[in-house]
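Residue numbers (this note's numbering), protein chains in the order written: chain A, -1 to 107; chain B, 14 to 128.
Among the clues, some could well be false.
[Claimed, not checked] Cross-link-like lysine-lysine pairs, in silico, DSS-like; alpha carbons within 27 Å at most:
1) LYS77(A) x LYS61(A)
2) LYS102(A) x LYS40(A)
3) LYS26(B) x LYS40(A)
4) LYS70(B) x LYS40(A)
Don't read these hints as lab results, they were simulated from the structure.
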Amino acid sequence: EDQVTQSPEALRLQEGESSSLNCSYTVSGLRGLFWYRQDPGKGPEFLFTLYSAGEEKEKERLKATLTKKESFLHITAPKPEDSATYLCAVQAGNYQLIWGAGTKLIIKP
Amino acid sequence: KAGVTQTPRYLIKTRGQQVTLSCSPISGHRSVSWYQQTPGQGLQFLFEYFSETQRNKGNFPGRFSGRQFSNSRSEMNVSTLELGDSALYLCASSLAPGVGSYEQYFGPGTRLTVT
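Here chain A stands alone, though its shape is the one from the complex:
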């Protein structure tokens, strides 16, 4: 069964304290893995697409990496404005998207 699991469910960090969020997946025929950021009461905002193992993408303080079984979203020296829920989604071979439950990130000043 296709499945996407994100961990941890919630993460509290001090401003400047770097860390990583995990997205592990089991799907048939990975077509792509997507990271989104969602602020409360708003629609998810697209961040990255990763297509194959070894691929990396960066945007400001965020860096996403992909292996054959999981993806990491590394956050370097985070600021309070990075606080949000980060969602991971995987596109299976049949083009259907499978979503993780998300990681709620809280950055304290």
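Given chain A, work out where chain B should sit, using these hints.
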């Protein structure tokens, strides 16, 4: 380039009523997906439309339905509303299935409250 727009943004309905939500995708995007998001269940896929045809459907009862028009705009309808239908309903647009990158871009959502 204008983003995905959803109307209305907020809606309060009574149990048993029906509701129609609207979504206009990004210009040039032909695929529209609908999601229900609640605090307890996260993001739940409702259905996806492409070229006015439903391509995929999530595990929701038949009270939830949708359609897509020739200009790619989409509507979803929920009949006989239940208290549990209270949620944020999100619409997402993308280029087309299997065409290049398949990122979905989300609208701001419609907050539905059923009393």
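Going down the list of hints, with the structure as the test:
A C-alpha spacing of about 15 Å is found between LYS77(A) and LYS61(A), which places the hinted pair at or below 27 Å, so the restraint holds. A hinted pair counts as satisfied when its Cα atoms are at most 27 Å apart, and LYS102(A) with LYS40(A) qualifies at roughly 14 Å. The straight-line distance between the Cα atoms of LYS26(B) and LYS40(A) is roughly 21 Å, inside the 27 Å bound, and the hint therefore holds. A threshold of 27 Å between alpha carbons decides the hint, and for LYS70(B) with LYS40(A) the separation of about 23 Å falls inside it, so the pair holds.
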